[in-house]
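Start from chain C and add chain Y according to the hints.
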Amino acid sequence: MPYQERGHGRRGRSDRKHNGYHGGRNKHGVGDKAQEFLETTDTSSPVIKSFQQYASELDFKHDKFERIVKLSRDVTIESKRIIFLLHTLDRESKRDAILAEASSRLTQLVNTHFKAIAKELKGEDPYQYIKAYTAGLQEYVEAVTFRDYLMNNSLQSWTMIQQDLNYRNSDVPSEDESVATTEEKAIATCSASSNDEDGSFKTYVSPVDYILGVADLTGELMRKCINNLGSGNIEGCYQTCTFVREIYSGFLGVNCTGLKEMSRKLATLRQSLSKMEVACYTIHVRGSEIPKHMLADVISGTQGNFLEEDEGFY
Amino acid sequence: MTLPMSEVFTSFQDYLNTEQELREEIRNIVKDIEQTAREILTTLQSIHHEGGIQEIPASCQKARTLFGGIKEGYKKLAEKIPADHYYRYHDHWRFVSQRAAFLASLTIYLESGQLASRETVAEIMGVKVQRDEGFHLDLEDYLMGLLQLSSEMSRFAVNSVTCGDYSRPLQISRFVAELNAGFRLLNLKNDSLRKRFDALKYDVKKIEEVVYDLTIRGLKPETSSTNLMGEGDISEKA
Chain C
1 MPYQERGHGR
11 RGRSDRKHNG
21 YHGGRNKHGV
31 GDKAQEFLET
41 TDTSSPVIKS
51 FQQYASELDF
61 KHDKFERIVK
71 LSRDVTIESK
81 RIIFLLHTLD
91 RESKRDAILA
101 EASSRLTQLV
111 NTHFKAIAKE
121 LKGEDPYQYI
131 KAYTAGLQEY
141 VEAVTFRDYL
151 MNNSLQSWTM
161 IQQDLNYRNS
171 DVPSEDESVA
181 TTEEKAIATC
191 SASSNDEDGS
201 FKTYVSPVDY
211 ILGVADLTGE
221 LMRKCINNLG
231 SGNIEGCYQT
241 CTFVREIYSG
251 FLGVNCTGLK
261 EMSRKLATLR
271 QSLSKMEVAC
281 YTIHVRGSEI
291 PKHMLADVIS
301 GTQGNFLEED
311 EGFY
Chain Y
1 MTLPMSEVFT
11 SFQDYLNTEQ
21 ELREEIRNIV
31 KDIEQTAREI
41 LTTLQSIHHE
51 GGIQEIPASC
61 QKARTLFGGI
71 KEGYKKLAEK
81 IPADHYYRYH
91 DHWRFVSQRA
101 AFLASLTIYL
111 ESGQLASRET
121 VAEIMGVKVQ
131 RDEGFHLDLE
141 DYLMGLLQLS
151 SEMSRFAVNS
161 VTCGDYSRPL
171 QISRFVAELN
181 AGFRLLNLKN
191 DSLRKRFDAL
201 KYDVKKIEEV
211 VYDLTIRGLK
221 PETSSTNLMG
231 EGDISEKA
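For the record, the sequence lines run as chains C and Y. Residue numbers for the first sequence follow my numbering, beginning at 1 and rising by one. Residue numbers for the second sequence follow my numbering, beginning at 1 and rising by one.
So here's chain C without its partners, still in its complex pose (with noise of 0.2 angstroms):
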């Protein structure tokens, strides 16, 4: 009974408090008031009757964002493995079974996980869902740009990897017409519905996460520049080094104020860009008089107050 507690009045306040009651379930305290409530009222009140309408719907918006959020760890796993099978392509002879490897592997993480994502954010709005799924497609676009440079030497573009994740009824990954206006414009626009008329849908790339995806890649690049030396791939370190440069001055002409995350990485991305540039510099500077097996050992020496600073890798 609620009235016995009124005796004690205060202590019966902070004894609740306590007791670390956080009114879930009807137990103690003002809670039999409500289920006395339920109990003696017709559970047919409008009130009632709205309120189990509400947490019906509650509880199924709840239900798809913690779905997603799960799709969405298992793609940053198998994203992060990706990336490290990336990062053993350093001999040529196995360059092409990698790639490969790689490739179908991203393929399958678009038909499984990101098919899925994409089917649960049919006819909603992407955006009240995107923080579910946001971190999990970072570490797919470093991936997959990770991917596309080793094989083209470029960057890939959103629309690409938009276009990568749309889908059609038919299973048939769509290449229609809707997306092929024009780069900039569609980028611009950018047309967040999820479901178009003829039935297509797709896991929609925030170009915000793309950005932020591709700031993580130069994390990787540089990486991969330094492991070329140890394997005395001097060419491979220099072009890294070039696209990573190219990179670096495409974010500083990009006004990025107001996204906290991008100024984060921006920094991360200077750093990482001056390592390389060190790198870059020794071999020159020093590159004759060394034998290229002992440039590794000392590169990392010179960098040695830089890579304390790195973030882990496994």
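Be careful, since some hints might not be right.
Stated by the list, open to error - Below, simulated DSS-like cross-link-like pairs (lysine-lysine); rule was C-alpha separation at most 25 angstroms, straight line:
| hint | chain 1 | residue 1 | chain 2 | residue 2 |
| --- | --- | --- | --- | --- |
| 1 | Y | Lys80 | Y | Lys128 |
| 2 | C | Lys61 | Y | Lys189 |
| 3 | Y | Lys189 | C | Lys131 |
| 4 | C | Lys64 | Y | Lys195 |
What the hints assert, rightly or not - Pulled from the structure, derived: some chain C residues nowhere near chain Y, Cβ distances all over 12 angstroms:
| hint | residue |
| --- | --- |
| 5 | Leu85 |
| 6 | Leu89 |
| 7 | Arg91 |
| 8 | Lys94 |
| 9 | Ile98 |
| 10 | Leu99 |
| 11 | Thr112 |
| 12 | Ala135 |
| 13 | Asn169 |
| 14 | Ile226 |
| 15 | Asn233 |
| 16 | Ile234 |
| 17 | Gln271 |
To be verified - What the simulated footprint calls covered on chain Y by chain C, stretch by stretch (three residues with Cβ under 8 angstroms from a Cβ of chain C suffice, anywhere in the stretch; the number is not a length):
| hint | segment |
| --- | --- |
| 18 | 7 to 16 |
| 19 | 68 to 76 |
| 20 | 86 to 97 |
| 21 | 110 to 122 |
| 22 | 176 to 184 |
Think of the hints as simulated: they come from the structure by calculation, not from any bench. Backbone N, C-alpha and C fix where the C-beta goes; we use that ideal spot for every residue, glycine too.
Same frame as chain C, now just chain Y:
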């Protein structure tokens, strides 16, 4: 098929610029809605003032007129926001929507003593109920508005006693109990709604205390005591 690097970034910059412009427009509209909402809030505060209870119909009338401005604001917002972008910019109007939902439900309560349904609140605000119908009232914003209402009710219960209206606290107690019962049906995640809901029990407690004080002093009006919830055992104890 691949773009030159610079184009990747310029198109991203274009995207950001478009977004920034829209956000600026949204901010301006929301500012207007907030201003109107403040006016309504001030108007309805009169219920707490001495003699304000008699002026309730007039205050509600005035609030209703002011809601016209809110409706207009939401109409402008609805025109600006493309379909499926509601949640992209939701943060801009989340707060004011909660406030408006609170004010609308308070108005309805003062007019009829009923708990305003989501449909009614949305109608007063001039927005849709479901997402697929267009610019809508987010369910959680509506619920937050109701929780704000419960705090206002607990204040109202106290002040109405001060003004000598002893039957209103009983009515409020019943009203908030029903609200509380409703909220207990929801499975809340550990989010802001849940935190706000946790405060509801203190509002309920406060109102019950007021009812209790009235009861033990025999100030409770005889007529309404029998049909009110949970009042029976108080009188027994008293």
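Each hint, compared with the structure:
In summary, the hint linking lysine 80 (chain Y) to lysine 128 (chain Y) is supported, as the alpha carbons are separated by about 15 angstroms, within the 25 angstroms threshold. The straight-line distance between the Cα atoms of lysine 61 (chain C) and lysine 189 (chain Y) is roughly 11 angstroms, inside the 25 angstroms bound, and the hint therefore holds. Proposed proximity of lysine 189 (chain Y) and lysine 131 (chain C) is supported: the alpha carbons are some 15 angstroms apart, at most 25 angstroms. Restraint check: the Cα-Cα separation between lysine 64 (chain C) and lysine 195 (chain Y) comes to about 22 angstroms, which is no more than 25 angstroms; the hinted pair holds.
With a least beta-carbon separation of about 22 angstroms from chain Y, leucine 85 (chain C) lies farther than 12 angstroms from that chain, consistent with its non-interface assignment. Every CB of chain Y lies more than 12 angstroms from the CB of leucine 89 (chain C), the least distance being 20 angstroms, so the non-interface label holds. With a least beta-carbon separation of about 26 angstroms from chain Y, arginine 91 (chain C) lies farther than 12 angstroms from that chain, consistent with its non-interface assignment. Against the 12 angstroms criterion, lysine 94 (chain C) stays outside the reach of chain Y, whose nearest CB is about 24 angstroms from its own CB.
Its beta-carbon lying about 21 angstroms from the closest one in chain Y, isoleucine 98 (chain C) satisfies the requirement of being farther than 12 angstroms from that chain. Non-interface status of leucine 99 (chain C) relative to chain Y is upheld: no Cβ of that chain comes within 12 angstroms, the nearest being about 16 angstroms off. Every beta carbon of chain Y lies more than 12 angstroms from that of threonine 112 (chain C), the smallest distance being close to 25 angstroms; the non-interface claim holds. The claim that alanine 135 (chain C) lies off the interface holds: its Cβ sits roughly 18 angstroms from the closest Cβ of chain Y, which is beyond the 12 angstroms cut-off.
With a least CB separation of 19 angstroms from chain Y, asparagine 169 (chain C) remains clear of the 12 angstroms interface cut-off, as annotated. With a least beta-carbon separation of about 22 angstroms from chain Y, isoleucine 226 (chain C) lies farther than 12 angstroms from that chain, consistent with its non-interface assignment. Remark: the non-interface label on asparagine 233 (chain C) is consistent with the geometry, its nearest Cβ contact in chain Y lying 22 angstroms away (cut-off 12 angstroms). Against chain Y, the non-interface label of isoleucine 234 (chain C) holds: every CB pair exceeds 12 angstroms, the least being about 23 angstroms.
Non-interface status of glutamine 271 (chain C) relative to chain Y is upheld: no Cβ of that chain comes within 12 angstroms, the nearest being about 20 angstroms off. Using a Cβ-Cβ cut-off of 8 angstroms, 10 residues of the segment 7 to 16 of chain Y lie near chain C, which meets the minimum of three, so the contact claim holds. For the segment 68 to 76 of chain Y, the proposed coverage by chain C is not satisfied: 0 residues have a C-beta within less than 8 angstroms of a C-beta in that chain, short of the threshold of three. Counting residues of the segment 86 to 97 of chain Y whose CB lies closer than 8 angstroms to any CB of chain C gives 4, so the stated coverage by that chain holds, three being the minimum.
Here the segment 110 to 122 of chain Y counts 3 residues with a CB under 8 angstroms from a CB of chain C, which clears the bar of 3, and the coverage holds. As drawn, the segment 176 to 184 of chain Y meets chain C at 8 residues by the rule of a beta-carbon pair under 8 angstroms; at three or more, the given contact holds.
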